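Chemist: As a plain string of letters, each chain reads:
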Amino acid sequence: MSKKILLVEDEEILINILSKKLTKEGYEVTIARNGQEGLESMRKDKPDLILLDVVMPKMSGFEVMEEMNKDEKLKKISVIIVSNSGQPVELDRAKKLGAKDWLIKTDFDPQEVVEKVKNNFK
Amino acid sequence: MVEKREEDNTQKISTLLEDLLLLERYIKDLFTFFPLPVCFVSPLGVIFEVNPAFEKAIGYTSYEIVGRPIENFFEKEKMEAMTKEILKSGNIEAREISFFAKEGKKIDVSVFGQVRKNEQGEITGFFLGFFDLTDIKKTESDLQNTQIALLNMLEDIEESRRKAEEEKNKTEAIIANFTDGILVFNESNKISLVNPQAEKFFGISNKNMAGKSILELSVFPELEPIVNLVGPEIKGISRKELSIKDGLVLEVSAIPILKEEEKIGSLITVHDITREKMIEKMKTEFVSLAAHQLRTPLSAIKWTLRMLLDGDLGEITSEQRDFIEKTYVSNERMINLINDLLNVTRIEEGRYLYKPVSSDIAPIVQFVINSYKDEYARKKIKLEFKAPEKPLQKVSIDVEKIKLAIQNFLDNALKYTPVGGEVSVFLKSSNKEIQLGVKDNGVGIPKNQQDRMFNKFFRAANVLGIDTEGSGLGLFITKNIIEAHGGKIWFESEEGKGATFYFSLPVKEEFTEFLEEF
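Chains as they are written, first to last, in this note's numbering: chain X, 1 to 122; chain Z, 1 to 518.
Since the hints were made in silico from the structure, they are not lab data.
Keep in mind the model is a prediction, meaning the values are calculated, not measured.
C-beta: ideal position from N, C-alpha, C; glycine also.
Check each hint, because a few of them may be wrong.
Only pairs whose alpha carbons sit at most 30 Å apart, straight line, appear in this in silico DSS-like list of lysine-lysine [claimed, not checked]:
no.	chain 1	residue 1	chain 2	residue 2
1	Z	K497	X	K96
2	Z	K355	Z	K277
3	X	K58	X	K76
4	Z	K355	X	K96
5	X	K95	X	K116
6	X	K20	X	K118
7	X	K58	Z	K281
8	X	K116	Z	K355
9	X	K116	Z	K403
10	Z	K207	X	K96
11	Z	K497	Z	K447
12	Z	K281	X	K96
13	X	K118	Z	K283
14	Z	K283	X	K96
15	X	K96	Z	K240
16	X	K24	Z	K326
17	X	K75	Z	K355
18	X	K96	Z	K394
Far from chain Z, some chain X residues (derived; all Cβ distances over 10 Å) [claimed, not checked]:
no.	residue
19	E11
20	I80
21	G98
22	D101
23	W102
24	K105
When you get a sec, could you build the whole thing from the sequences and use the hints?
Modeler: Written as structure tokens, this is what we have:
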């Protein structure tokens, strides 16, 4: 059975690119366009991995993680942050909230994101 | 009978004569012994007789004196007047006059005179005695001088007191009007001064704080954080931020007040940094927002171009690939520029270094060099790393920032060294520091522009034509990175011959304390 990935991201182009790449690799990709949608979606679909943006409308990535930490089941799902920013304080906060990894979009190519996802399932 | 009487008279006369002689000798002895100078002068002013004290005082022998007019030895006019007065009124007392001793020395004396009359009441002359006033005069003048000196001292004291008072008033005015809050404690850590600004910050009146010990002040909730910070002994602290209440952030410093190395009290100053904190927060928010807003479209472009290049969206012609690759590179440049701007913003916020760790620098240098190998090979520039033979001492560094510093050196060497050039990187260590150098044989830096190399946005004239991409931020950022580590940065260069850029970092022991500030 293919692994389920939830992509929480508000930038349409990035959604298109990542979902295309990941689908091609055989993952089942669900998309949420803001933090709130992301939470609803993960409660319903129970993904194996979440790619989470930080700055999003309605609910930020950090707030999503805070909510996840309150829920025993959601807490166990791996989260990789995919953000535009990478200030040390933010990295620290993500780590404390339990994120497995942090990717700065401008520093990585989509293929490298796919590699990170693959590594996660190894 | 008659004979008997005559015999008696003779006897009497003889006895009387004997008595007279004795008396005369007595008077002579007394006259000789008398320690004060005395002379006897005729009514016409001629000296008849002097005693040895007179001779001694005046410096002439009696032969030289007796028979000479008295005024010869004294101030003439004054003595003439005195003589007249004595003869007229019978005596004078304590009149001041000067005489001239043999050596010509002028001596001030106090003169007494008394006429002598015979049985008929006719004046036969007068006694003149005097005593030396020199010592008295000297004592008098000493006294006067002492008095003057005392008066001067009193004046000086008064002046000093006035100045001290003035200074005190000035200091008090400064303290009272100071925009920082000031709390002064005495040697037993009891409060001795609170300025109005401190009262205002904490909302507690001077009256309520006066005389309280530091620990007693913790009953005020507004002062409790400070008490907790400095402790019962008021230990020295430097610029610690404290949030006192909503909308008031203070920077607290405490220093001991020393007198000859002995602590005689403590001074706590509180500086309002609420506004700075607010601006800092706004700036950070702005940077974060700008970074997000600018980076979002750039990452969208980056990823799309990468998809195209990877063939994910179908085959592309080599001409298309060429254009897309160039666009990709331009986009990368834009991303780097924004990263540079973000770094500059963080440098200006003063919070640039992040959690320095003790590290071996050689593998870090090797890592950065490896990441540049392809680019150097493309431009056919030889890139050599002269790794140290022995492992170097560890340095306490923010690894990511030091990587960025080395990258900036290698970037510049790559950009400004022509095809076929050579770049070498070397690491050296001395007792106290580790030095890294990047040497190229590129275009070099014109002498007249060398002092501006580390300025923000500065680019040397000779590179503007070679490369239009540089932001002029690389060396500015690098300098800030190195200096934030307590290190130094410099270069040696000759235009047309190349440049060597260096930085040095202090080895760990000395550095730990410095970094705690960050």
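Chemist: If a hint holds in the structure, say so; if it doesn't, say that too.
Modeler: Hint check results:
1. K497/Z x K96/X: violated, 51 Å
2. K355/Z x K277/Z: Holds - the C-alpha atoms of K277/Z and K355/Z are around 21 Å apart, at most 30 Å.
3. K58/X x K76/X: holds, 24 Å
4. K355/Z x K96/X: Holds, at about 16 Å.
5. K95/X x K116/X: Holds, because 17 Å separates the two Cα atoms, which is no more than 30 Å.
6. K20/X x K118/X: Distance of about 15 Å is within 30 Å: holds.
7. K58/X x K281/Z: Judged against 30 Å, a Cα distance of about 22 Å means the pair holds.
8. K116/X x K355/Z: Between K116/X and K355/Z the Cα gap is close to 26 Å, so the pair holds against 30 Å.
9. K116/X x K403/Z: holds, 23 Å
10. K207/Z x K96/X: Roughly 47 Å between the alpha carbons, so the hint for K207/Z and K96/X is violated.
11. K497/Z x K447/Z: Holds: K497/Z and K447/Z sit about 12 Å apart, inside 30 Å.
12. K281/Z x K96/X: Answer holds: K281/Z to K96/X is near 22 Å, not above 30 Å.
13. K118/X x K283/Z: violated, 38 Å
14. K283/Z x K96/X: holds, 24 Å
15. K96/X x K240/Z: holds, 26 Å
16. K24/X x K326/Z: holds, 27 Å
17. K75/X x K355/Z: Measuring from Cα to Cα gives roughly 28 Å; hence the hint holds.
18. K96/X x K394/Z: holds, 29 Å
19. E11: violated, 6 Å
20. I80: holds, 15 Å
21. G98: Since the minimum Cβ distance to chain Z is about 20 Å, G98/X lies beyond 10 Å and the statement holds.
22. D101: Fine: 16 Å to the nearest Cβ keeps D101/X off the interface.
23. W102: For W102/X, whose nearest Cβ neighbour in chain Z is about 13 Å away, the distance exceeds 10 Å, so it holds.
24. K105: Given that some Cβ of chain Z is not farther than 10 Å from that of K105/X, nearest at about 4 Å, it is violated.
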